[in-house]
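Enquirer: Single-letter residue listing:
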Amino acid sequence: MKKIEAIIKPFKLEEVKDAVTAVGVKGITASEIQGFGRQSGHTEIYRGAEYTVDFVPKVKLEIVVEDSMVDSVVEAIAGSAKTGKIGDGKIFVSDVGDVIRIRTGERGADAI
Amino acid sequence: MAQLNTGDTAFLLISAALVMFMTPGLALFYGGMARRKNVLGTLMQSFFMLGLVTVLWVLFGYSLAFGPDKWHLIGDLSMVGLRGVGQLPNKDYAATVPQLAFMAYQGMFAIITPALITGAFAERMKFKAFVLFTIAWVTLVYAPMAHWVWGVGGWIRELGALDFAGGTVVHISSAAAALAAAIAVGKRAGWPKENFSPHNLPMTALGAGILWFGWFGFNAGSALSSGGLAASAFVATHISAAAGMIGWGIADAIKHGKPTTLGAVSGCVAGLVAVTPAAGFVGPMAAIVIGLAAGFACFWAVSVKFKLGYDDSLDVVGVHGVGGALGALATGIFASKAINPAGADGLLAGNASLLGIQALSVVATIAFSFIATFAILKVVDLAVGLRVSEDTEQVGLDLSEHDEAAYEL
Numbered sequence: 001m002k003k004i005e006a007i008i009k010p011f012k013l014e015e016v017k018d019a020v021t022a023v024g025v026k027g028i029t030a031s032e033i034q035g036f037g038r039q040s041g042h043t044e045i046y047r048g049a050e051y052t053v054d055f056v057p058k059v060k061l062e063i064v065v066e067d068s069m070v071d072s073v074v075e076a077i078a079g080s081a082k083t084g085k086i087g088d089g090k091i092f093v094s095d096v097g098d099v100i101r102i103r104t105g106e107r108g109a110d111a112i
Numbered sequence: 113m114a115q116l117n118t119g120d121t122a123f124l125l126i127s128a129a130l131v132m133f134m135t136p137g138l139a140l141f142y143g144g145m146a147r148r149k150n151v152l153g154t155l156m157q158s159f160f161m162l163g164l165v166t167v168l169w170v171l172f173g174y175s176l177a178f179g180p181d182k183w184h185l186i187g188d189l190s191m192v193g194l195r196g197v198g199q200l201p202n203k204d205y206a207a208t209v210p211q212l213a214f215m216a217y218q219g220m221f222a223i224i225t226p227a228l229i230t231g232a233f234a235e236r237m238k239f240k241a242f243v244l245f246t247i248a249w250v251t252l253v254y255a256p257m258a259h260w261v262w263g264v265g266g267w268i269r270e271l272g273a274l275d276f277a278g279g280t281v282v283h284i285s286s287a288a289a290a291l292a293a294a295i296a297v298g299k300r301a302g303w304p305k306e307n308f309s310p311h312n313l314p315m316t317a318l319g320a321g322i323l324w325f326g327w328f329g330f331n332a333g334s335a336l337s338s339g340g341l342a343a344s345a346f347v348a349t350h351i352s353a354a355a356g357m358i359g360w361g362i363a364d365a366i367k368h369g370k371p372t373t374l375g376a377v378s379g380c381v382a383g384l385v386a387v388t389p390a391a392g393f394v395g396p397m398a399a400i401v402i403g404l405a406a407g408f409a410c411f412w413a414v415s416v417k418f419k420l421g422y423d424d425s426l427d428v429v430g431v432h433g434v435g436g437a438l439g440a441l442a443t444g445i446f447a448s449k450a451i452n453p454a455g456a457d458g459l460l461a462g463n464a465s466l467l468g469i470q471a472l473s474v475v476a477t478i479a480f481s482f483i484a485t486f487a488i489l490k491v492v493d494l495a496v497g498l499r500v501s502e503d504t505e506q507v508g509l510d511l512s513e514h515d516e517a518a519y520e521l
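From first to last, the protein sequence lines stand for chains Y and X. Using my numbering, count along the first sequence one by one with no gaps and you end on 112. Using my numbering, count along the second sequence one by one with no gaps and you end on 521.
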């Protein structure tokens, strides 16, 4: 099992959700986050005082899938989240040791 | 005994209610500009004035300001506890309305004036110190100044200075006090390097709208009668607010390329401040000039604190000080007996001496308010300490001074 974490542009959330559910993803955790990478922040001006805001708002998705689905899900995210402009985000894939469904106590792939 | 006039009485009571509404408006205006951990602390320093200053005003403030003159400096104590202030007019002030209405109207001015100062020491003052400071300031600075300018026998009034609705008493005096407070209390931790951006500009915009609305009572009500002069002051007030917003907007667009919301709402307040002393003495075209000039001048003035290094957090000096001084001088230029026969002619009507008198009243106000405020703050500092601790300042005033949080999400 793998965890796919994707940092995307907030306005792409719906498109990415549709794309990954189309390839069989059953659940997503999404959070509003902020961070910075190569995309620079912006300047805000209040009564002439300029503040540089480095952190850019993004959405982080966490999706856990069986190994066999990783490539198709990553492709679905990369395809739907892409605008071609700086700041499209990143996808991280990592191993997951175990999954437990709290309601039933199922473990492993059955619990995804 | 002068005759009561029902129209005048109705108008002054409504004006008093309008001016009352300015203080919660100011609370929102300032609260939105604070950081989110200080919004309640900032709101309280304005809103609480409605409680504190009202009681001071009834107990002795009104008597000190409008009681029979002593030495051209202060009223006596004959009206302590509103003794003798009743349903009949006071022949010296607002001779056609019950003195109770005049007292209430003036009380609303006494409430908002110290509230204006609080913008200078926002986000770092102990509530206890703030309360002690306010009691002392209303007693030792506001009441005497109101007497000087408006009281029969007051020395600035006898000079012939014109201040229709409180440019010197309210705006210049609060701004001079604000400068003293910014220096005495000191900078906020991290200022100016860290990010001090406003946490809720829609709140600030709503507050500015309420201020504009209330200002009709402040300025038109200062005619103390319902009629042509009130209408003239009402219109001049509205025009100057409009022009102030345009002036600041243009300055913003020239300097930064874009007009800002905070600039637009600050500009209307600058226009309102500047027209306050002039409202009942100038015509509509002068009001446009005053408003535009205030928009530009205050836009420039709010940047000065960064060069001089005093943390006037919400720009009381830049908006109320510079706008107020500009308005007082503009009154000396544009005032016309054609608008108000009870006023005086200014420079443009051939009377250069008025401008000098106006300048003198500005300088006297700044000097007295600055020195007295600084002294009061030093005494309060010795008594209870002005500032919250550095740890507390990091946590914010909402939790440290009030055990509350504004937003639970």
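Calculated from the structure, these hints are not laboratory results. Heads up, some of the hints might be wrong.
Unchecked claim - Computed list of chain Y residues with no C-beta within reach of chain X, every gap over 12 Å:
(1) 2
(2) 15
(3) 68
(4) 72
Claimed, not checked - Covered, in the sense of this in silico footprint (three residues per stretch, anywhere, with C-beta under 8 Å from a C-beta of chain Y), are these stretches of chain X:
(5) 306-317
(6) 401-415
Said to hold, decoys possible - Pair by pair, the computed Cβ-Cβ distance ranges are:
(7) Y:33 to X:475: 36 to 44 Å
(8) Y:55 to X:368: 39 to 47 Å
(9) X:325 to Y:93: 53 to 61 Å
(10) X:497 to Y:94: 49 to 57 Å
(11) X:307 to Y:5: 27 to 35 Å
(12) Y:42 to X:305: 48 to 56 Å
(13) X:497 to Y:17: 48 to 56 Å
(14) Y:75 to X:420: 57 to 65 Å
(15) Y:17 to X:420: 37 to 45 Å
(16) X:503 to Y:94: 33 to 41 Å
(17) Y:93 to X:369: 50 to 58 Å
(18) X:366 to Y:96: 51 to 59 Å
(19) X:416 to Y:86: 34 to 42 Å
(20) X:321 to Y:55: 51 to 59 Å
Virtual Cβ for every residue (Gly too), placed ideally from N, Cα, C.
Enquirer: All hints are to be evaluated individually against the structure, with a verdict given for each.
Expert: For each hint, the structure was consulted:
{"no.": "1", "hint": "2", "result": "holds (33 Å)"}
{"no.": "2", "hint": "15", "result": "holds (27 Å)"}
{"no.": "3", "hint": "68", "result": "holds (40 Å)"}
{"no.": "4", "hint": "72", "result": "holds (36 Å)"}
{"no.": "5", "hint": "306-317", "result": "holds (count 4)"}
{"no.": "6", "hint": "401-415", "result": "holds (count 3)"}
{"no.": "7", "hint": "Y:33 to X:475: 36 to 44 Å", "result": "violated (55 Å)"}
{"no.": "8", "hint": "Y:55 to X:368: 39 to 47 Å", "result": "violated (22 Å)"}
{"no.": "9", "hint": "X:325 to Y:93: 53 to 61 Å", "result": "holds (58 Å)"}
{"no.": "10", "hint": "X:497 to Y:94: 49 to 57 Å", "result": "holds (53 Å)"}
{"no.": "11", "hint": "X:307 to Y:5: 27 to 35 Å", "result": "holds (28 Å)"}
{"no.": "12", "hint": "Y:42 to X:305: 48 to 56 Å", "result": "violated (19 Å)"}
{"no.": "13", "hint": "X:497 to Y:17: 48 to 56 Å", "result": "holds (55 Å)"}
{"no.": "14", "hint": "Y:75 to X:420: 57 to 65 Å", "result": "holds (59 Å)"}
{"no.": "15", "hint": "Y:17 to X:420: 37 to 45 Å", "result": "violated (53 Å)"}
{"no.": "16", "hint": "X:503 to Y:94: 33 to 41 Å", "result": "holds (39 Å)"}
{"no.": "17", "hint": "Y:93 to X:369: 50 to 58 Å", "result": "violated (43 Å)"}
{"no.": "18", "hint": "X:366 to Y:96: 51 to 59 Å", "result": "holds (57 Å)"}
{"no.": "19", "hint": "X:416 to Y:86: 34 to 42 Å", "result": "holds (38 Å)"}
{"no.": "20", "hint": "X:321 to Y:55: 51 to 59 Å", "result": "violated (32 Å)"}
In summary, the numbered hints that this structure violates are 7, 8, 12, 15, 17 and 20.
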